[in-house]
Amino acid sequence: MADFLRLNGCEVALPSNGTMRLSSFLRDELALTGTKIGCERGDCGSCTIIVDGQAVASCLQSVGGVAGCSVVTIEGLATCTVAGKSLQDAFLRHQAVQCGFCIPGFLMTSAAFLESGRDGEVFEPRRDLAGILCRCTGYQKILSAVLEVASGVAPRAPAPLPSVGNAVGADITRLDGREKVDGSQHFGADGIPRAALRAIAVRSPFHRAQFRLGDLEAFKADHPGIEAILTAGDVPGRNLHGVAAPFADQPVFAEEEVRFVGEAIALIVGEARSVQSLNLEDFPVSWTPLEPYLSMLASTADGQDLIHETRPGNILIRGHVERGDVEDAFHAADHIVSGTFSTQFVEHAYLEPEAGWAERNGDTISIYSCSQAPHAHRSDLALILDLPPEAVRVVPTAVGGGFGGKLDLTVQPFIAIAAWRLNKPVGMVFSREESIAASTKRHPAHMKSRMCATNDGILTGVDFEGDFDTGAYASWGTAVANRVPVHASGPYSVANYRARTRAIHTHVTPSGAFRGFGVPQTCFAQEQLIDELADNLGMDPLEFRLRNALRVDQPIATGQILPDSVGMEACLEALRPRWNQARREAASTNGENFNLRRGVGLAAMIYGCGNTASANPSTIRIGVRPDGSVVLHQGAVDVGQGSNTVIPQIAADAIGIAVHDLRIVGAATHLTPDCGRTSASRQTFVTGRAAEFAGKALRRRILSLSNAGPDAVLSFGKGRVAVADQGEVRRIELECMEPDEFGYVLRAEETFDPPSTPLDAMGRGSPYALYTFGAQLAEVEVDCALGMVRVTRVTAAYDVGKVVNPSLLEGQIEGAVAQGIGMALTERFIAGSTRNFQDYLMPTLRDVPPVDCIFIEAEAGLGPYGAKGIGEPALVPTAAAIANAIRSAIGCCIETLPATPDVILAALAQNNLDFSRNTL
Amino acid sequence: MNTYCRPATLDQALGALAEGDWCVLAGGTDVYACEVPGNGKPLLDVSRLPDLTGIDIDHETIRIGAVTSWSTLRKATLPPFMRAVQQVAGLIGGRQVQNKGTIGGNICNASSAADGIPALLALGAGLELQSSAGRRHVDLASFLAPDGPVQRRSDELLMSIVLPIPAGPSSSAFVKLGRRSDLTIAVVMMAALVEWAADGSVGRAAISVGAASRRAVRLHGLEDRLRGWRPISTPAVEITPEDIEPLSPIDDSRASANYRRCAATILLGQLVRDVTRHRPEALAHG
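Read top to bottom, the protein sequences are chains A and B.
Residue 400 is where the first sequence starts when you use the numbering used here, and the numbers rise one by one after that.
Residue 5 is where the second sequence starts when you use the numbering used here, and the numbers rise one by one after that.
Rather than coming from a laboratory, the hints here were simulated on the basis of the structure.
Hints may contain errors.
[Claimed, not checked] List time: in silico DSSO-like cross-link candidates among lysine-lysine, alpha-carbon distance up to 30 Å:
| id | chain 1 | residue 1 | chain 2 | residue 2 |
| --- | --- | --- | --- | --- |
| 1 | A | Lys1117 | A | Lys1095 |
| 2 | B | Lys45 | A | Lys619 |
| 3 | B | Lys79 | A | Lys484 |
| 4 | A | Lys484 | A | Lys619 |
[Said to hold, decoys possible] Here are the simulated distance ranges between beta carbons:
| id | chain 1 | residue 1 | chain 2 | residue 2 | range |
| --- | --- | --- | --- | --- | --- |
| 5 | B | Ser115 | A | Asp963 | 51 to 61 Å |
| 6 | B | Ile254 | A | Asp963 | 51 to 61 Å |
| 7 | B | Pro250 | A | Glu578 | 53 to 63 Å |
| 8 | A | Ala594 | B | Thr81 | 50 to 60 Å |
| 9 | A | Ile1229 | B | Ser158 | 47 to 57 Å |
| 10 | A | Val552 | B | Pro250 | 45 to 55 Å |
| 11 | B | Asp228 | A | Ser415 | 54 to 64 Å |
| 12 | A | Ile960 | B | Ile254 | 35 to 45 Å |
Where is the CB? At the ideal position from N, CA and C, for every residue including glycine.
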């Protein structure tokens, strides 16, 4: 038997333990970390490699089984496969890469198919790549990249590099793309030093239980290789964290009582192999299970125990926005509609499980992890470690998808405490099961709403009540309860408005931030009522929306009047051609086939960019080194959405330099000023604006040093800045200037904090500085016999203020539509029973239809070059549009999400609708 | 302590099985889809034993080596009655799983949602099991005990799956309903084999349904009712509640038991239409 395998063209000796997963061997023994582990169950495809010409999930492959085989990994893709290099280039040109974590799986599978051809099977990417999951892109650009290579057509020409001053608006390939397609970029688990100890958490199997730890020393003694078992008593500082400081309530380690399945009670740290092979069933702990409250109904019933002593009724917080007189409006109205709607827990399901490592250096500590919020993490970690913030360095690795789920602390406090206590580097990687159990979720909502209108088609009243299940700890429950009441009006002018919300605790994994902070759930309820109201009025739903769409001079629900950039009308007008066409097509086929019905639905939205009614500044530093190189300190974490590209585009134009000439220093608390969290659709807007200010400040400084006019052309390098102005060139000699503390001879640092005001008791004020508007049109087919829904096409129109990078923007929308389809139709996390990607059904390639994007540029005076945020707006209306499309197909509202076959069939039965008599 | 052994010959493999308690490893797509592969048992890797590979066709049977991968089956040139198996082969996980997962592993692991089993039951699969004591043949239906583990002794190795080639014209079909397009565990799935009489009527039908009971089950009532049905001249067969009485579906996160019954009824209609549509050309024209 051969004891070797041929790996990327070289012979490699196999380990003695043949049972080891090939994925572990590649990563842990050979340090080939380009192969990513997303689930270790063969469900996601991220770890796919090529074995003897065939695509194989390396997590399901024993190393013993590849003895004598030829194996190619992403590291060898370009040199060991025929199509590898072309595929990598195509993925970049087509902007097919967002976070990049799943990309090796797509590349390797495609390369294997293009390699073989020898068994006569034709490569059909839509079919043959359908077994690989991506959570960011919506698959469309991946498919177009692979199809280009597979069909052998001439590759799409790379977009020309933009000239100086024209980076904003240019379709630039993401600047950090290359290392995402060659496997060299390090995600949370990829840079853990080999010598590092490993940590694993001991977690609660119960929703709610009291517990008592047994003899930990004895357990440690029985298990050689364990260096420490850490519990609440080992936390140097505060055993609490939370994203909203005044509400911080989540312990790093539970004390006495656990409040959700998966809550950590202890951490075992030791030599990697010993720790990973531990059987935790023997861990010395005794549990006394208590009755858990698994729903808001249960936790708010009279006489229930308090989940947190200081929160009566198990209510974390209430939100309220009101204007006009709602009761009067409903009395005076000609048409009233109402409904009750509910949604479920939704998992972020980023392909990269949480991971990182920490290292102590004397009195300081560095924490490397897939974090969406470096400075915020530093503040919480400093409190947990009882250290001054300056002693804590938080360095985000590449982030394999976030969507809000990597804003809260996950691995960070564990590795930090362990590394601090043991004075050795400590790494930790969540399993998929652990990630699903312990990470935050989208808040389930229970919503009661009514709306009214007058006969002339004016929306005169909206009255909304929403309860949001925030789970065991506060997390982002406060943000949801505060944001939703501002947004329940939708993008409409409503004179009489009341929206009340509550965030409620239960014994479930905390609900946190997930692309939209409760607004997608709200939109799902509200936009169906808008359609119903239009029906009652006998109006076309698009016309009804247009009539009531917010315009520049009209106040939003909080009374704030927007001075510019209200592109709602333009978005709806842009959708009108497809709307009319799609409705005609649906009507014509619905006559022929009663069983398979088509529907077309519309949903519109408003979304405030940035934190709600509170400060959220970003600071950008740009410096010029004595050699003339220009360095941008870009602290906005790129979780795949593209800030590593968009912020440089903005900065480059502000300075007057070619974007590819900028040197970029990525986010790290000791290297980049605070750019806030990557959340709330704020990075392009807030950090982008700071980058514009900093770039312009640097430019002003240079112009004033050289006495040049505003249109002067700058060129940097060779130890000087050359300033050409009206035919004359002046030079600033940099090498003779004194460098500052950062090593720069010229430096600009600017902060932008979007102007907002707190809301008063009635919710009046200006909670956000600017708002993105948009609408989506979904087309569906409903199989009325099986209750199955298929989304066949989505058209999206967004007023983004200014398009900074067209293909990155499209990618945000295509990916969000895929997530919206999941939320609408298949995705539901059930505490204690949803464990992995076999149970949690996110859309696969063939579940996601083509998405057409239309961009409106109603420039925002406050935005960088007029730009606004897109990350969350892209997702907000999708589930609502699908619900309305189903509603138009079958004639009744969808009251619960996900709209599973059971839900669809129940809706049909309840409304005595039977389209199935005419069988297939 | 995990150990791994890849015997070079069948005799070595059978010898090892006779002496120790092994987890037999074929493609690994089930064995490795859990936290500890083999749940702590040593792994006996039979995935490259020549005696367990290959597809042999003679006059009466098709013999499929137990470690034949789904991809191999999907791409192989096989007679039309094998269509259901080839359909299954393209629907189990993604390509990166089909390239590894084996037909024998699917049978021995015998999950209630094992995609391969309904088709193989409908096609009347027999199994060849070998131990150092000798070889025995067993039909798939009796190998799959209604409850509890499959009827494989720990010293036995599943060698091959043997499918009788229908004497006359025949067709088969497989239908699977999941919650999404791909990578889906069946809510309900089913397969049919029909042997057609010379007059274009159903001579014999075999229909089995999976994921709607602990183990896939045959619907003998419906099979009997279909006998003699002549699609070209008689109206479509209506599926009745009695037809699905043998099913005992459960509620789980994928679907309710009620939904499974309702879906099974609808899918059976589709299945019968599909297997009819794929009958040999000559019969379709009467």
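Checked hints:
1. Lys1117(A) - Lys1095(A): Answer holds: Lys1117(A) to Lys1095(A) is near 22 Å, not above 30 Å.
2. Lys45(B) - Lys619(A): Holds, at roughly 25 Å.
3. Lys79(B) - Lys484(A): holds, 28 Å
4. Lys484(A) - Lys619(A): violated, 50 Å
5. Ser115(B) - Asp963(A): 51 to 61 Å: Since the Cβ atoms of Ser115(B) and Asp963(A) sit about 59 Å apart, the hinted range of 51 to 61 Å holds.
6. Ile254(B) - Asp963(A): 51 to 61 Å: Holds - the Cβ-Cβ distance for Ile254(B) and Asp963(A), about 58 Å, lies within 51 to 61 Å.
7. Pro250(B) - Glu578(A): 53 to 63 Å: For Pro250(B) and Glu578(A) the Cβ distance comes to about 57 Å; the hint holds.
8. Ala594(A) - Thr81(B): 50 to 60 Å: Once the Cβ atoms are compared, 54 Å apart, the range 50 to 60 Å for Thr81(B) and Ala594(A) holds.
9. Ile1229(A) - Ser158(B): 47 to 57 Å: violated, 36 Å
10. Val552(A) - Pro250(B): 45 to 55 Å: holds, 53 Å
11. Asp228(B) - Ser415(A): 54 to 64 Å: holds, 58 Å
12. Ile960(A) - Ile254(B): 35 to 45 Å: Taking Cβ atoms as reference, Ile960(A) and Ile254(B) lie about 57 Å apart, which means the hint is violated.
Violated hints for the displayed structure, listed by number in ascending order: 4, 9, 12.
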